[in-house]
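Colleague: If you want the building blocks of each chain, they are given just below.
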Amino acid sequence: MDTRRVKTGASVTTRRVIAYIVLVLITFLCLFWFYILFINATRSHSDLARGFTLVPGGNAVNNWINLMHSSQPVLLGMRNSLIIAICSAVLSTYFSTMTAYAIHAYDFKIKNFMFTFILAVMMIPTQVVALGFISLMGKMHLMDTYIPLIIPSIAAPATFFYLKQYMESNMPMALLEAARIDGSGEFRTFNSIVLPLMRPAIAVQAIFTFVASWNNYFTPALVLTTDKKKTLPILIAQLRSADFLKFDMGQVYMMIAFSIFPVIVVYLILSKYIVGGVSAGAVKG
Amino acid sequence: MDGGKKKSGNSNVVKYNRWGYIFLLPFIIVYAVFQLIPFISTIYYSFFENYRSGLKQIGPNFIGLENYVTLFSNADIWKYTENTFIMWIIGFLPQIIVSLLLAAWFSDPSLRIKGQRFFKTVIYLPNLIMAAAFAMLFFTLFADSGPINSILTSLGILSEPYKFMSNTGSARILVGFMNFLMWFGNTTILLLAGMMGIDTSLYEAAEVDGATASEIFWKVTMPLLKPIFIYVLITSLIGGLQMFDVPQILTNGEGAPDRTTMTLIMYLNKHLFNKNYGMSGALSVILLIITGILSFAVFKVTTNQDNN
Numbered sequence: 001m002d003t004r005r006v007k008t009g010a011s012v013t014t015r016r017v018i019a020y021i022v023l024v025l026i027t028f029l030c031l032f033w034f035y036i037l038f039i040n041a042t043r044s045h046s047d048l049a050r051g052f053t054l055v056p057g058g059n060a061v062n063n064w065i066n067l068m069h070s071s072q073p074v075l076l077g078m079r080n081s082l083i084i085a086i087c088s089a090v091l092s093t094y095f096s097t098m099t100a101y102a103i104h105a106y107d108f109k110i111k112n113f114m115f116t117f118i119l120a121v122m123m124i125p126t127q128v129v130a131l132g133f134i135s136l137m138g139k140m141h142l143m144d145t146y147i148p149l150i151i152p153s154i155a156a157p158a159t160f161f162y163l164k165q166y167m168e169s170n171m172p173m174a175l176l177e178a179a180r181i182d183g184s185g186e187f188r189t190f191n192s193i194v195l196p197l198m199r200p201a202i203a204v205q206a207i208f209t210f211v212a213s214w215n216n217y218f219t220p221a222l223v224l225t226t227d228k229k230k231t232l233p234i235l236i237a238q239l240r241s242a243d244f245l246k247f248d249m250g251q252v253y254m255m256i257a258f259s260i261f262p263v264i265v266v267y268l269i270l271s272k273y274i275v276g277g278v279s280a281g282a283v284k285g
Numbered sequence: 286m287d288g289g290k291k292k293s294g295n296s297n298v299v300k301y302n303r304w305g306y307i308f309l310l311p312f313i314i315v316y317a318v319f320q321l322i323p324f325i326s327t328i329y330y331s332f333f334e335n336y337r338s339g340l341k342q343i344g345p346n347f348i349g350l351e352n353y354v355t356l357f358s359n360a361d362i363w364k365y366t367e368n369t370f371i372m373w374i375i376g377f378l379p380q381i382i383v384s385l386l387l388a389a390w391f392s393d394p395s396l397r398i399k400g401q402r403f404f405k406t407v408i409y410l411p412n413l414i415m416a417a418a419f420a421m422l423f424f425t426l427f428a429d430s431g432p433i434n435s436i437l438t439s440l441g442i443l444s445e446p447y448k449f450m451s452n453t454g455s456a457r458i459l460v461g462f463m464n465f466l467m468w469f470g471n472t473t474i475l476l477l478a479g480m481m482g483i484d485t486s487l488y489e490a491a492e493v494d495g496a497t498a499s500e501i502f503w504k505v506t507m508p509l510l511k512p513i514f515i516y517v518l519i520t521s522l523i524g525g526l527q528m529f530d531v532p533q534i535l536t537n538g539e540g541a542p543d544r545t546t547m548t549l550i551m552y553l554n555k556h557l558f559n560k561n562y563g564m565s566g567a568l569s570v571i572l573l574i575i576t577g578i579l580s581f582a583v584f585k586v587t588t589n590q591d592n593n
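Sequence order for the protein chains is D and Z.
The numbering used here applies: residue 1 is where the first sequence begins, and numbers increase by one.
The numbering used here applies: residue 286 is where the second sequence begins, and numbers increase by one.
It should be emphasised that the hints constitute simulated quantities derived from the structure, not laboratory data.
These figures come from a predicted structure and were not determined experimentally.
Just so you know, even glycine gets a beta-carbon here, dropped at the ideal spot from N, CA and C.
Check each hint, because a few of them may be wrong.
Said to hold, decoys possible - Incomplete in silico selection of chain Z near chain D, CB under 8 Å:
| # | residue |
| --- | --- |
| 1 | Ile375 |
| 2 | Leu378 |
| 3 | Ser565 |
To be verified - Reference listing, derived: stretches of chain Z covered by chain D, where coverage requires no fewer than 3 residues with Cβ under 8 Å from a Cβ of chain D:
| # | stretch |
| --- | --- |
| 4 | 314-321 |
| 5 | 362-369 |
| 6 | 396-404 |
| 7 | 422-433 |
| 8 | 442-455 |
| 9 | 545-556 |
| 10 | 570-581 |
Claimed, not checked - Simulated crosslink set (DSSO-like; lysine-lysine; CA at most 30 Å straight-line):
| # | chain 1 | residue 1 | chain 2 | residue 2 |
| --- | --- | --- | --- | --- |
| 11 | Z | Lys555 | D | Lys229 |
| 12 | Z | Lys399 | Z | Lys555 |
| 13 | Z | Lys448 | D | Lys228 |
| 14 | D | Lys272 | Z | Lys399 |
| 15 | Z | Lys585 | Z | Lys511 |
| 16 | Z | Lys504 | Z | Lys585 |
| 17 | Z | Lys560 | Z | Lys364 |
| 18 | D | Lys139 | Z | Lys555 |
| 19 | Z | Lys448 | D | Lys229 |
| 20 | Z | Lys399 | D | Lys246 |
| 21 | D | Lys229 | Z | Lys341 |
| 22 | Z | Lys448 | Z | Lys560 |
| 23 | Z | Lys341 | Z | Lys585 |
| 24 | D | Lys246 | Z | Lys555 |
| 25 | D | Lys139 | D | Lys246 |
| 26 | Z | Lys585 | D | Lys111 |
| 27 | D | Lys228 | Z | Lys511 |
| 28 | Z | Lys364 | Z | Lys448 |
| 29 | Z | Lys364 | Z | Lys555 |
| 30 | D | Lys246 | D | Lys272 |
| 31 | Z | Lys585 | D | Lys109 |
| 32 | D | Lys246 | D | Lys228 |
| 33 | D | Lys229 | D | Lys139 |
| 34 | Z | Lys448 | D | Lys139 |
| 35 | D | Lys272 | Z | Lys511 |
| 36 | Z | Lys399 | D | Lys139 |
| 37 | Z | Lys504 | Z | Lys399 |
| 38 | Z | Lys511 | Z | Lys341 |
Please model the complete structure; the sequences and the hints are all you need to start from.
Modeller: Laid out in structure tokens, this is it:
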């Protein structure tokens, strides 16, 4: 290799080929597990015991029926997860928009303090105050209810921050002043002008809050004790702690698939907004 | 952060300003009840002897710093700190390398990578998967008689099934690997956003000067990317401290083998479940202090960036 070639480095074509090879490998690494999950969820227990195959089996319906009649209340679990996740997403985005609007559109004494405060506490993980949280919920007789899992989402610093950033670049104050001149009350302005304007950002944050709540395991596991109230992650954990080698493995895979695939389907439909939303929120401030 | 620029031109707004308080009220009330009071009472609990021994409730009796002394004199906390840190590193190193590489390729105009949206969608996918279900999936896949062992033996790579869950190394690598899979897509997108923000004329100038792709990467991209890089590092460290779902489900809360995959939050969870409030208080306060320091660093990095 002559010196000139070293100077230019690898040619663009070489680098492109390497990039595609690595990308394909990484794609494989990301999807492989879900492929096995899909295959195994369609095979029967005795098939699974015989080893792995690359083609799906014909036992999906049976596994599904077995799962529905098992001791694990998975359908109830899904309903509970849905209730909590939807309520959290709606409340979190509505009130975070309201908080962002308060900081964005008004001038008042504690405004700067509040903004700094919210940014400062944004990173504090919920786990480290779980002790105080659980004991307070106990005293308020809210244990084993959904309130401790839904209401706290109203105060969501990260959601607030994203919406505040979006508001700064997409919400002209002139529009709000025009609404005032037209005699619109502040609360009405918020509901009929601010919320619709913020819709793209709200949608992104609603998805994130929903997914975070749907996947949450730590807090629900501490709060919920009645079997019929438990969410999907808790049921998964129970499945793990049961002596599951005695279980029908087809059914076990079906249950994992049941908690993973709905999210994947929704994600694939909305991926454009989600991936865009992550980059838009990427450390702008 | 920078309130000055917003104050200008809003003089008409003054009489409406009490609405600022009204709109802020839901946040303040909910935050105070569900975060601030728990925060204070967590610290308060850490100074009391308060646990359950069988059916008998001991305490609460004020014992000062004794919980902290007990916590630190026991070797467990050091062991769990070490476990948490090792598993974080196992996940973070490949994550940052792969993410930098992918972000550099995606943002490189001379490469013109096709199907970027597809690749971004795929690499971000594992981040949205329920960690509990993902861990359960890995537990079944890597079980002694699971599909991975079945594939490896039928390909002749292994002569007999490898006990992934019974060896410290492999169990930790599995946890780290899952964390890697779940977070590298997110990191790639963050770094990519940072790289796309870099002025392209800098690259063009470097190219005219005859710099190679790797020279451009190390001498132009990396220095400009430093704030985001620090942000990613610290937030990942905070996330690493919170590591719970994956090792908890994978090892059924036992941190098998021999508690070598037991993380700090798993330890906290164990105390909370046993209603061992004094000790969980002390442990929470320690974690609060560490995350507090790290959060402050993130806060500094982000606010500095915003002022630029």
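Colleague: Which numbered conditions among the earlier hints are violated in the structure presented, ordered from lowest to highest?
Modeller: Those not satisfied are hints 1, 2, 5, 8, 12, 13, 19, 20, 22, 23, 25, 27, 30, 34, 36, 38.
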